[in-house]
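Protein chains in written order, with numbering that gives the first Met the number 0: chain V, 0 to 233; chain U, 0 to 259.
No lab work stands behind these hints: they were computed from the structure.
Any given hint could be a false lead.
Said to hold, decoys possible - Below 30 Å or equal to it, Euclidean Cα-Cα: the simulated DSS-like pairs (lysine-lysine) are: (1) U:K189 - V:K72; (2) V:K72 - V:K138; (3) V:K138 - V:K157; (4) V:K116 - V:K172; (5) V:K20 - V:K185; (6) U:K189 - U:K79; (7) U:K247 - V:K10; (8) U:K124 - U:K93; (9) V:K20 - V:K116; (10) U:K124 - U:K239; (11) V:K92 - U:K247; (12) V:K10 - U:K93; (13) U:K123 - U:K107; (14) U:K124 - U:K71; (15) U:K239 - V:K72; (16) V:K10 - U:K189; (17) U:K146 - U:K101; (18) U:K93 - U:K248; (19) V:K50 - V:K138; (20) U:K79 - V:K20; (21) V:K72 - U:K193; (22) U:K146 - U:K193; (23) U:K248 - V:K72; (24) U:K29 - U:K101; (25) U:K71 - U:K248; (26) V:K157 - V:K172; (27) V:K20 - U:K247; (28) V:K92 - U:K248; (29) V:K72 - U:K71; (30) U:K239 - V:K20; (31) V:K116 - V:K185; (32) U:K146 - U:K189; (33) V:K92 - U:K239; (34) U:K151 - U:K124; (35) U:K248 - V:K10; (36) U:K107 - U:K71; (37) U:K204 - U:K79; (38) U:K146 - U:K204; (39) U:K107 - U:K146.
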Amino acid sequence: MNYQQNLAMPKHLQRDIDNLKQQLLYLCSVVENQLALATRAITTQDENLAKEIADSDDEIDRREVEIEEACLKTLALHQPVAIDLRMVTSIMKINNDLERIGDMVCNIGKNGARLAKESPVSYNFDFREIARLTGIALKQSIDALVNEDADLAMEIAKVKGEAETMNRELRRKAVEQIMNDPANTKTYLRYRSISRNYKRIVDLSSNIAEDIVYMINGVIVRHNYDKFADDDDE
Amino acid sequence: MNPTANNTENNIALSARNFSVFYNDFEAVKSVSLDITQGDVVAIIGPSGCGKSTFLRCINRINDLVPGCHTKGELIFAGKDLFHRDVDVNVLRKRIGMVFQKPNPFPKTIFENIAFGPRLHGIKKRSQLEEIVENSLRQSALWDEVKDRLDKNALGLSGGQQQRLCLARTLAVEPEIVLMDEPTSALDPKATLKIEDLIASLAQKYTIVIVTHNMQQAARISERTAFFYEGSLIEYGQTKDLFTNPTKKQTEDYITGRFG
Numbered sequence: 000m001n002y003q004q005n006l007a008m009p010k011h012l013q014r015d016i017d018n019l020k021q022q023l024l025y026l027c028s029v030v031e032n033q034l035a036l037a038t039r040a041i042t043t044q045d046e047n048l049a050k051e052i053a054d055s056d057d058e059i060d061r062r063e064v065e066i067e068e069a070c071l072k073t074l075a076l077h078q079p080v081a082i083d084l085r086m087v088t089s090i091m092k093i094n095n096d097l098e099r100i101g102d103m104v105c106n107i108g109k110n111g112a113r114l115a116k117e118s119p120v121s122y123n124f125d126f127r128e129i130a131r132l133t134g135i136a137l138k139q140s141i142d143a144l145v146n147e148d149a150d151l152a153m154e155i156a157k158v159k160g161e162a163e164t165m166n167r168e169l170r171r172k173a174v175e176q177i178m179n180d181p182a183n184t185k186t187y188l189r190y191r192s193i194s195r196n197y198k199r200i201v202d203l204s205s206n207i208a209e210d211i212v213y214m215i216n217g218v219i220v221r222h223n224y225d226k227f228a229d230d231d232d233e
Numbered sequence: 000m001n002p003t004a005n006n007t008e009n010n011i012a013l014s015a016r017n018f019s020v021f022y023n024d025f026e027a028v029k030s031v032s033l034d035i036t037q038g039d040v041v042a043i044i045g046p047s048g049c050g051k052s053t054f055l056r057c058i059n060r061i062n063d064l065v066p067g068c069h070t071k072g073e074l075i076f077a078g079k080d081l082f083h084r085d086v087d088v089n090v091l092r093k094r095i096g097m098v099f100q101k102p103n104p105f106p107k108t109i110f111e112n113i114a115f116g117p118r119l120h121g122i123k124k125r126s127q128l129e130e131i132v133e134n135s136l137r138q139s140a141l142w143d144e145v146k147d148r149l150d151k152n153a154l155g156l157s158g159g160q161q162q163r164l165c166l167a168r169t170l171a172v173e174p175e176i177v178l179m180d181e182p183t184s185a186l187d188p189k190a191t192l193k194i195e196d197l198i199a200s201l202a203q204k205y206t207i208v209i210v211t212h213n214m215q216q217a218a219r220i221s222e223r224t225a226f227f228y229e230g231s232l233i234e235y236g237q238t239k240d241l242f243t244n245p246t247k248k249q250t251e252d253y254i255t256g257r258f259g
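Kindly generate the complete structure, drawing on both the sequences and the hints.
Next up, the structure:
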């Protein structure tokens, strides 16, 4: 049987899906950039930078709404099926996860701005490593999206495990310091919150990875990763 | 030997086993094997010339009327091959009815259109025929629209009504399988919706096999979908799976509009 491979999508659908991908990838770059700035603000105690990040959430929120509306329009006008349907629904979910990552970054920024105003404490919390892992997880999920690489997406599970371990340690340390230095409880709780926010960003990057696997393979892998117990989502 | 009982083994209404159809030397359907479950609505999709209508028309042997058409393999209904020489095609076509693309009511009254089939099969009593006519027209959601004009000519009905009349005519002889060859392609969206709603209400009671060019229709109304390409059955599976994650690239290319 003579069968032609690599056929083209209908042009109208191609146009709309290309537009969706472009918008999503731009949002990815905004969020990735904001995360890098938030980490710098925390590690350098830069109050102005931290405040700028906290104020930048509006752009991410606006873009999230635009992408969602564009996805709904695509579904209504084209009624896509199979891989095209999975692509549009995955874009909707990834869009939502990126907006939530933006919220976490904003929280890091807000906590960073407050920390810069507070007196230094005896124990120096070092977020560089968890921030590095968080950056890797987010970048890996974005790379998997750009390259439509399901195998790369599945590798985020390893980073997720390491970030959880690190978050637990930072949390334990915060509790210990609160007991040793109760006068600075507020500061230590802020540190704990920052750690949790980084860990949530890794979780959301993992969600993005799962959506990418679904988009490419049509298999829902959610709930099949090895899960660490004790997810502190307060 | 005539098919006299349903093949209820594993609830299979019809089985194709390496079934091929030839028009003289041209193989229009190539060794198709599939099982159709009783009560299912099965949609057959594929590009023009892929063999889907040819396959459908063999199920009630309407292709017997096409010169040069011959088959290989088996189509098993009620435990017997449909093409066995002892099969009575008139009885077969009572048990496997057909609705065509273009509505084709007889140039008779609405009543006579429906009563024709049962009368042919031996029902003479007026009261019995009236009951059959009403029941069939109710099943095809036409009764309320025509009950006061059963003596009017069927050709005066709208296209959508004529198609529902043809369906009622098929149902009047109590088939087990209803074949539909693009039944809504000549109808407007409102009439199409009525036919689709009818299919939903008739499913379970009847096994329905529908050939359609409208993929959204196939997705909406069927439990299983068969994709044909150049005479071959490429993929056959649950509609919800075929339209979200088909296993064959050719299927995906076709249903997503990536035509060759």
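Non-conforming hints, listed in increasing numerical order: Violated hints: 5, 6, 9, 10, 12, 14, 18, 20, 29, 36; rest satisfied.
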